[in-house]
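There are 4 protein chains.
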Amino acid sequence: MIDIVLGGSSAQVLTIKIGRQLKIPTILPEIKKFPDGEKYIRITEDVNGKTVAIIQSFYHQPDEFLIEYFLIADTLKDLGAKKVIGVIPYFAYARQDERFKPGEAISFKIVTKLIEEVGTDEIYTIDTHLHRVEQLSEIFHIPAHNLTAVPLLAQYVKKNFELNNPVVIGPDEEAEQWAKIAAKELEAEYDILEKERLGPSEVRIKTRELDVTGKDVLIVDDIISTGGTMVEAIKMLKEHGAKSVIAACTHPILVRNALTRIYQAGALAVIGTDTVPSSISFISVAPIIAEALRRG
Amino acid sequence: MIDIVLGGSSAQVLTIKIGRQLKIPTILPEIKKFPDGEKYIRITEDVNGKTVAIIQSFYHQPDEFLIEYFLIADTLKDLGAKKVIGVIPYFAYARQDERFKPGEAISFKIVTKLIEEVGTDEIYTIDTHLHRVEQLSEIFHIPAHNLTAVPLLAQYVKKNFELNNPVVIGPDEEAEQWAKIAAKELEAEYDILEKERLGPSEVRIKTRELDVTGKDVLIVDDIISTGGTMVEAIKMLKEHGAKSVIAACTHPILVRNALTRIYQAGALAVIGTDTVPSSISFISVAPIIAEALRRG
Amino acid sequence: MIDIVLGGSSAQVLTIKIGRQLKIPTILPEIKKFPDGEKYIRITEDVNGKTVAIIQSFYHQPDEFLIEYFLIADTLKDLGAKKVIGVIPYFAYARQDERFKPGEAISFKIVTKLIEEVGTDEIYTIDTHLHRVEQLSEIFHIPAHNLTAVPLLAQYVKKNFELNNPVVIGPDEEAEQWAKIAAKELEAEYDILEKERLGPSEVRIKTRELDVTGKDVLIVDDIISTGGTMVEAIKMLKEHGAKSVIAACTHPILVRNALTRIYQAGALAVIGTDTVPSSISFISVAPIIAEALRRG
Amino acid sequence: MIDIVLGGSSAQVLTIKIGRQLKIPTILPEIKKFPDGEKYIRITEDVNGKTVAIIQSFYHQPDEFLIEYFLIADTLKDLGAKKVIGVIPYFAYARQDERFKPGEAISFKIVTKLIEEVGTDEIYTIDTHLHRVEQLSEIFHIPAHNLTAVPLLAQYVKKNFELNNPVVIGPDEEAEQWAKIAAKELEAEYDILEKERLGPSEVRIKTRELDVTGKDVLIVDDIISTGGTMVEAIKMLKEHGAKSVIAACTHPILVRNALTRIYQAGALAVIGTDTVPSSISFISVAPIIAEALRRG
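Residue numbers (the working numbering), protein chains in the order written: chain G, -19 to 276; chain C, -19 to 276; chain H, -19 to 276; chain A, -19 to 276.
Mixed in with the good hints, there may be bad ones.
For identical chains, the list gives no copy identity; a pair is met inside one copy or between any two copies.
Stated by the list, open to error - Result set (DSS-like, lysine-lysine): computed pairs, CA atoms no more than 27 Å apart in a straight line:
# : residue 1 : residue 2
1 : Lys164    : Lys3
2 : Lys3      : Lys215
3 : Lys218    : Lys164
4 : Lys138    : Lys62
Treat the hints as calculated values from the structure; they're not laboratory data.
When you get a sec, could you build the whole thing from the sequences and use the hints?
This is the structure we're talking about:
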């Protein structure tokens, strides 16, 4: 079983919440920056013989959080930790799992190799968008699990909004997996948006089957980053007569004015989790991480 | 011999200068950032069978430049490069070579291990401040060389300032090595500053032997970061009658108002190299890197 | 009556929410940055003869948001706007209302003078911490109103947490005004913390009268910035037997690891509003701004 | 005559250099930032009855440096300063001197109005690029002078490079004014680049008259920001047989990889001044500011 949760600087509040739910000790290491940017890290508690979960999310400055992760994991093993579990709520560097053009760094493989090299024994992530693999474990050589926060998104919407016969929409084919989960939680129908070719240079997006007229719609995706996909989807749904649209995602990266543009497009609300702390991180993933670590 | 120099995003102008001096091809890889901060790297030239030197300096955002280094080095090997030489003009993460307090990350060892892990075959740095080891090669398991830019600092001062019977000062005992080199270049005497205990709680710094009265003084150190050491040294030298004081360093990290404070203390000029691009990087280390790579 | 709400780049989502509540047009000007940092601003809708409320909050980069405000307000007047109302949810530069030491800039007066100079006709702020004045209107020469978001904080807590006979605490004397408002909303008792001198160099903080043993406590303050005040208050309340402590503020500035430290001190939850978008901005001040603008 | 030079946080080293050349007192005010970003400013020396020159340059974060300027100037007058002279080596916000599209902020006029409003009595800038006005004084209502640093650029090149029968090139028509000045200093010929239309959609740039074949060329412009103009000019000059090309500017804004691209295009060297501290700020404008303030 897990003995200790330890929070890197990307996820300290989340770590405290997980520790409280698991009723086990929480370590927040001493982390300082020298004038040249070098990180100093010190783990002040005894970890000898313990199973330790490092909670560290790779958003905004993923390289900084990665190096911190390397230093912490390696040091835990050096201090005698029995097992090191990496919990990476938002896993950047999952895009490039192949060399699409000559000369590209296959960063997914290099980063996972280094994560293993520093002594990680097992990995958990949340709603990592896998592209050309089915399972995280096809990339990692250690046990690797991809959890989902989508049920939490659906539950939050159910609790905080009065939805009238809602439907769930995935903004593209790859989002069908999330739409399906949310729909089940809401006991609602779901569909995805797809592109219809109208002419040589004309395309429009539309639902595959569902009629959204007069419906309260929940759009679900793994990530909102520039917001482009959400904006397009919301506009289309409003044009087709949707009564209201709520946009939900696990990872609110929200670069530049993404949030403004989604509201401008007509969203009633935009919600996300604390895998990436943001102004729409209304939902904590602490319960699903705690539950996964408890089950082991 | 070396076939190609390749510049990471910390050192691209420096890389072009080195390439011109060596008259060999320069590669500047395609480097982009995704909205979540993930780096995309692509090496667009053929490196198969080649010996490639990666020029990457670890200042200001060392973690970002480190991850870039890992991605580039690993990819070069993956693309068939015969030999990968890491040239790290400013090497952050050289401080922590031991565990001084329980639980500290020995970051120097972890970072060097990862640098080796990604396929680096040989390492060059410049004026790395080694603490508890004599040679860089005691930490690395690959050939590792610590070059010096101090002769360039002295030459620049000789060319650009009219010094009258100058002396060279190292601001503390650890700087004696640099003071000695600069003094030889200037055919001048050198000394270091040391602390003299005047009473139970009173300390003053002074030169060990040299009288600086009426002298043009060159202070030399490996790095200026907060500027505290330089400020104290300049004040002391001016109090002891130095006619003028020039402050020189290899690595101008210069955090916050370091430069202002050094000028306020009375420096005539403050100079540094381009291992860390800054407003006082008047000197390029390209010649010493080119020379070292040429000799191999 | 008010015709248009216009959002500066600090508060665009909030502006959209206010516009929806007031059912009036929302303008989001075109705002770009040139390579040298200069802002370009263009108001693309007709404002001639209109009463326009500019929503702009002065957090994190207050100088940038101030200059934007100046450019927008002046341009609105130049384009023929009848009346310009400045709505500044978080008003930085309210600290320095006097010259405490010789030579200090009395920045509150200078900033308000410039806000008036660019054509502002009326000002609204939220929970501005006034120090040596009773009313905002003692500083401004135009009508100036200081709204409060504290009732929203209390309502949120009532809705989202099961509190058992709660009490409200202001962490210091200046917070009594906020504690009183929250207590009224919760129909609860309130008190403040004060310092008790135990000996020549020993001080402890304690409630003035209330016994918090076994109570669910809500601490209310106008701002959380470094978190120091909250951390001390929570520790003291837990030591005195409080069953749970929720920390609430209007303005979640939250520098560095403030939030982590407050959770570490034992907070059950930490909540704030969107005057400063943050990871604890669970509550929008849109309703109170909309209501104030509607009343006029 | 001028009594004191005072440096804002954008230009403190420059201010010290000016003060030394003028042999007058230098004030560096106490400048701090509160956690919410608000600036605290305190002028610790007596300025009553004095003529004070504020040195503050508007680069990178011009809004922050503007607000600092407003606070300092207003406070100087409040403290009894007789005359406040604003010296703005790089003056951002000089672009928008008209409303080109409906609704645009005419930021040049708004910013100058506020600079005057806070008590500025006279203004100096360096190589401000004026567009639709001939003189800075057409915009300001106070005496306003636009100095030039171009002679310093030419002198630096003459001293540090062995040029063989050099020519000076302005990269476009607006740069003719700077090319002319540099040419006079170097006793060389000058020309500008212009666009030649080759067909309906084909354009090439070329010199108006001069043949650059075999020549050492100095390109001079007021500013390098993205570097696009310089890159195009250098490529063209190299194609036409220029032996070497040095790129010089007064204001090295140098966004993103501008410098790398200019070197890649074939520049032998790239140089600029300290109006914008940068890695190519080899030349200080202190002498020309000191001289202008001395003349009064």
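State whether the alpha carbon distance between Lys3 and Lys215 is at most 27 Å within one copy, between copies, both, or neither. between (45 Å within a copy, 20 Å between copies)
State whether the alpha carbon distance between Lys218 and Lys164 is at most 27 Å within one copy, between copies, both, or neither. within (23 Å within a copy, 42 Å between copies)
What label fits Lys138 with Lys62 when the C-alpha limit is 27 Å: within, between, both, or neither? neither (42 Å within a copy, 44 Å between copies)
I want to check one pair: Lys164 and Lys3. Are their C-alpha atoms no more than 27 Å apart within a copy, between two copies, both, or neither? neither (31 Å within a copy, 35 Å between copies)
Comparing the model with each earlier hint shows violations of hints 1 and 4; every other hint is respected.
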